[in-house]
Amino acid sequence: MFWLFAALAVGGALMCITRRSPVASALWLVQTLFSLAAIFVLLDAQFIAALQVMVYAGAIMVLFLFVIMLLNLGRGSATDMRGWTGRLVALALGLLLVTELWVLVRSPLASPLQLPAGTLSRVAQEQGVVAVISDSLFRTYLVPFEVTSVLLLAAIVGAVVLAKRRL
Amino acid sequence: MPLDLTTPGGITLALTPELVLTVWVLVLMLVAAWRHRDAGVQREVGLLTVIGLVSTGLAVAWLWAQGATPVGLPAMMALDGFRFATSLVFLLGALLTVMLSLGYVDRERIQAPEYYVLILLGTLGMMFMAGAADLVVMFLGLELMSVAVYVLAGVNRRSVFAAEAALKYFLLGAFASGFFLYGIALVYGATGTTNLWLIHGRVLELGLGSNVMMIAGIGLLLIGFGFKVAAVPFHMWTPDVYDGSPTPVTAFMAAAVKAAGFAALVRVLHQAFDGLPIWHGAVWWLAVITMVVGNVIALAQRPLKRMLAYSSIAHAGYLLVAVASGSAIGSAAFLFYAVVYTLMTIGAFAVLAAAGTGGEQGVLIDDLNGLATRRPWIAAAMTVFMLSLLGFPGTAGFIGKWYILSAAVDADQRLLAVILVGASVVSAGFYLPPIMAMYMRPAPSAEAHQATRIVGAARWAVGVMAVALLLFGFWPNRALDAARRGGESLRPATLYTLGR
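Chain order of the listed sequences is A and B.
To convert, count from 1 in the first sequence and add 1; that's our numbering.
To convert, count from 1 in the second sequence and add 87; that's our numbering.
No wet-lab data here; the hints were simulated from the structure.
From a predicted model like this one, the values you see are computed outputs, not experimental measurements.
Each residue gets a CB set at the ideal place from its N, CA and C atoms; glycine is no exception.
Any given hint might turn out to be false.
For the chain A half of the interface with chain B, some residues (derived, Cβ under 8 Å), not all of them [claimed, not checked]:
#1 VAL104
#2 VAL106
#3 SER108
#4 VAL144
#5 THR149
#6 ALA155
#7 LEU163
Using the sequences plus the hints, can you model the full thing?
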């Protein structure tokens with residue numbers, strides 16, 4: 002199951018960055034996001050999976066498509082990557098990331114930090130899937146949660162200051 | 088006053104300064120939105136901003152005077168002298184910026200009362216960043232600060248250069264934030280926590296000194312910080328962004344934003360990664376390259392604004408020397424230098440703002456010729472700022488550099504100390520020409536410098552900055568004592584283990 006969705010996610014991502022038409026790219030991105038949601042389900046994180054579908058694959062992608070269509074980006078425009086230097090740098094960075102992932106996957110996790118197998122599904126059974134998240138979000142991480150709201154406020158104010166035609 | 092940060096009451100009290108500032112942000116937004124059409128509203132909002140910053144400073148001082156300490160593990164926010172001292176530095180930087188801006192926005196016809204709201208939001212982000220006891224809060228503070236400053240860089244919407252600066256800063260800043268976040272994720276992967284105290288404990292307990300994930304995480308965090316504090320080789324955005332932004336915003340970026348980046352860096356390295364000697368070497372090299380490259384390129388700059396931009400890169404190198412020592416003296420030296428650096432940098436940009444118009448990009452060093460005969464007080468203030476940036480004896484810049492040097496020697500990094508002195512000698516090559524131009528060359532024409540004037544609140548700000556720099560230069564003991572207390576409070580007191 003995991004390999005199927007992993008292949009779908011990676012395939013979707015590849016198609017997303019190679020398509021010329023922005024609309025097609027956006028639609029391929031939807032496939033990637035859906036496959037990621039499926040992988041979340043496999044990890045016993047059903048709530049995150051539902052959020053992934055609703056927020057990312059749903060709301061954000063609709064906004065994406067709106068913007069693309071409103072700005073009329075339909076024509077295949079020139080690619081951002083020009084010349085061989087750009088491609089080589091991109092290739093080198095990609096290889097670096099792959100090496101890093103490979104090393105990290107092979108480096109052992111300190112044993113006291115590992116949860117015993119099945120902990121997550123057991124906790125989810127006992128407290129419910131949403132309770133586990135809401136407890137840490139609104140208790141342990143309450144301060145970051147509130148700071149995030151201030152951050153969003155700053156972003157809104159900033160967007161209005163920069164973009165509104167007549168202040 | 089012991090506070091239990093896990094209870095709602097405790098965390099609310101611990102966050103008093105931040106809450107006061109947030110309330111002021113909301114009030115000012117309401118004022119700006121309510122009376123948008125009035126011509127005087129911008130000035131009114133600016134004056135209210137001054138009151139807001141001062142009241143927040145009083146809240147910080149109150150919390151510090153109460154001797155607020157955490158009971159048990161500091162969750163999310165730290166409660167130590169370092170947090171309060173850095174908060175006061177940021178508030179001072181913001182206050183001076185606002186005082187410069189009051190006249191500047193009128194002259195440049197920047198009509199957006201939200202300008203001041205964004206300065207407050209940026210300051211709030213800095214306070215969260217430097218006071219965070221958790222990497223998540225630190226990241227959110229960093230973003231809050233950055234988002235506000237991206238917009239401030241482009242707030243003059245008629246200027247093409249400001250738009251370029253804002254876009255460049257936004258793209259590279261977002262890139263750097265990505266590195267920072269990836270670093271946090273790897274540190275979390277290696278230690279299973281984002282709390283700085285718990286990281287410190289687990290690094291020692293689990294023996295993560297040569298853990299690949301941990302080292303990669305620290306490396307990525309250093310890259311993220313390197314971008315934010317404009318250390319070479321992550322400084323590429325700095326000259327263009329500083330050049331294109333409105334001058335008070337440039338002063339804010341060069342002083343407060345940089346100080347915030349360094350404060351968070353000091354906290355992470357000295358507090359969480361204390362048991363990992365591996366970062367010392369990386370920061371050592373970063374300091375050397377930054378000092379050498381910053382000073383050498385600054386020599387070639389004729390426009391004053393670009394010269395000050397490279398000078399701020401060079402000063403990032405000096406501050407990195409304090410960080411590299413990894414000791415309490417190093418954190419204390421950073422605190423003292425951060426105050427001095429804020430005063431002299433904002434002062435230099437204030438004089439620059441007075442000397443030109445339209446973004447001040449065209450002001451060359453030669454344009455200051457003969458300023459001393461026409462505007463003796465402005466020339467005298469500029470002389471103090473330049474000599475202090477140079478580290479001339481008798482100014483606060485000298486005491487600050489001497490303190491950093493003693494931290495480096497104390498940590499047995501003599502070579503770094505020698506390079507710092509050498510770099511300072513080179514910096515005379517670009518700090519002295521403005522003084523020579525002002526005092527030794529004649530004014531080009533009779534009408535020259537007629538428009539060069541500092542009015543209103545900015546005059547007070549420049550005067551206070553120049554006097555304070557001289558005062559700290561001759562009588563630094565009180566400030567040094569405060570910095571030492573702040574620096575010593577940064578040590579992780581108890582070791583938190585997995586079993587708690």
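Against the structure, the hints come out as follows:
This hint holds: A/VAL104 has a C-beta 6 Å from the nearest C-beta of chain B, less than the 8 Å allowed. At its closest, the beta carbon of A/VAL106 sits 10 Å from a beta carbon of chain B; the interface hint therefore is violated under the 8 Å criterion. For A/SER108, the interface hint holds, the least distance from its beta-carbon to any beta-carbon of chain B being 4 Å, beneath 8 Å. Among the interface hints, the one on A/VAL144 holds; its C-beta lies about 4 Å from the nearest C-beta in chain B, closer than the 8 Å criterion.
Using the Cβ-Cβ criterion of 8 Å, the hint placing A/THR149 at the interface with chain B is satisfied: the shortest such distance is roughly 6 Å. With 8 Å as the threshold, the beta carbon of A/ALA155 comes within range of chain B, its nearest partner Cβ sitting at about 4 Å, so the hint holds. Satisfaction of the interface hint for A/LEU163 is found here, the shortest Cβ-Cβ separation to chain B being roughly 6 Å, below the 8 Å cut-off.
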